[in-house]
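2 protein chains.
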Amino acid sequence: MTELADRFELSLPDGWRQQIPLSPLTNDVDRMQFVLGLAQWNINNKTGGPFAAAVFERQSGELISIGLNRVVPQFCSLAHAEAIAIALAQKSLATHDLSTAAKTGFELFASGQPCVQCFGMTWWSGLSRLVVGARSTDIEELTEFREGPLPDKWRQQLSDRQPLLPVEVEIDVCREEARSVLASYTNAGGLNYSPGLF
Amino acid sequence: MTELADRFELSLPDGWRQQIPLSPLTNDVDRMQFVLGLAQWNINNKTGGPFAAAVFERQSGELISIGLNRVVPQFCSLAHAEAIAIALAQKSLATHDLSTAAKTGFELFASGQPCVQCFGMTWWSGLSRLVVGARSTDIEELTEFREGPLPDKWRQQLSDRQPLLPVEVEIDVCREEARSVLASYTNAGGLNYSPGLF
Numbered sequence: 053m054t055e056l057a058d059r060f061e062l063s064l065p066d067g068w069r070q071q072i073p074l075s076p077l078t079n080d081v082d083r084m085q086f087v088l089g090l091a092q093w094n095i096n097n098k099t100g101g102p103f104a105a106a107v108f109e110r111q112s113g114e115l116i117s118i119g120l121n122r123v124v125p126q127f128c129s130l131a132h133a134e135a136i137a138i139a140l141a142q143k144s145l146a147t148h149d150l151s152t153a154a155k156t157g158f159e160l161f162a163s164g165q166p167c168v169q170c171f172g173m174t175w176w177s178g179l180s181r182l183v184v185g186a187r188s189t190d191i192e193e194l195t196e197f198r199e200g201p202l203p204d205k206w207r208q209q210l211s212d213r214q215p216l217l218p219v220e221v222e223i224d225v226c227r228e229e230a231r232s233v234l235a236s237y238t239n240a241g242g243l244n245y246s247p248g249l250f
Numbered sequence: 053m054t055e056l057a058d059r060f061e062l063s064l065p066d067g068w069r070q071q072i073p074l075s076p077l078t079n080d081v082d083r084m085q086f087v088l089g090l091a092q093w094n095i096n097n098k099t100g101g102p103f104a105a106a107v108f109e110r111q112s113g114e115l116i117s118i119g120l121n122r123v124v125p126q127f128c129s130l131a132h133a134e135a136i137a138i139a140l141a142q143k144s145l146a147t148h149d150l151s152t153a154a155k156t157g158f159e160l161f162a163s164g165q166p167c168v169q170c171f172g173m174t175w176w177s178g179l180s181r182l183v184v185g186a187r188s189t190d191i192e193e194l195t196e197f198r199e200g201p202l203p204d205k206w207r208q209q210l211s212d213r214q215p216l217l218p219v220e221v222e223i224d225v226c227r228e229e230a231r232s233v234l235a236s237y238t239n240a241g242g243l244n245y246s247p248g249l250f
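Protein chains in written order, with my numbering: chain A, 53 to 250; chain B, 53 to 250.
Treat the hints as calculated values from the structure; they're not laboratory data.
Since the list can't tell identical chains apart, any single copy or any two copies may satisfy a pair.
Calculated pairs, SDA-like style, for lysine to any residue (alpha carbon to alpha carbon, straight line, at most 20 Å):
(1) K143 to E61
(2) K143 to P65
(3) K143 to E55
(4) K143 to T99
(5) K98 to T147
This is chain A alone, in the form it adopts within the complex (with noise of 0.2 Å):
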């Protein structure tokens, strides 16, 4: 009989901690420049698949988490990049709901488009602004990976969904750097290990 485990654990590779910046980045364009370079270097570490992403303090610019993809080496589907920044986030600020932890709300920067279960923790997470990089269609054209159905109309929804807080959408931030690096996972032979692929 298989032993049931009533605890699990996601983090972050060794190595992360160099991988973060001296001082606050302070526009859109620093921000995914750093979550791009941090999706790069978990493709070349071979720490998990091509991509990152990272909470913000808005205003400040204060790096609050960082999140890489960690499914296959830690065998958990759900540890998507922006699984791992968002728990991280909450865990440091003590909250499941980060527009309850500072005036100026949090902010999700990701390298990829989020797909559905992504969407969905955004949703849920108390952020109140969502920066993209490559689209969707950009994942499906450079790499193996399908990315599943999203609800129609997925930025309008989170932009104005009463009675919650709204969560703000911007596409194609840094988007030919993003389209790069998913190329070099594809290059690199990174595989789709999506599951139960016929």
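Mind docking chain B on chain A? Use the hints.
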């Protein structure tokens, strides 16, 4: 400056082992009643929201993992019951893709219809069957929770999703008992802890 975290852990509350049945649950009703008992225990125990889930090996009925909503006590909006059940099953079976772990496949029982986050988690899990108690309309009628958007035709999308393994979906299993569990949460003064409520 916020200290960056590099790992987080989610866990079941103390006492979970005493809730586990001693012999296999051989049919859908028995499995769902067990899951509903877990949800009621989580309410009575004040260890999270009014939702529970479990993963079973389909043919043998062997229990692989349980999950309870742990959002508020563990400061984590990812910590829906389905999330914890899926992650614990994957940990025990040492794979991010449950479809590779055993020929007969695995099924997730959920006391309530998955929200969009848990729909996404089901999508990427490698599960091959999803069994649901209460409908989302029941949740919204009997509690203050609002379930958020799902992709149109979500059941059909799970059951027909080339190139991924199909996920069979069954709803309304022990629906009335599932509704009673939700009502008991509200009657006990259970809160809607959704993020960013105005």
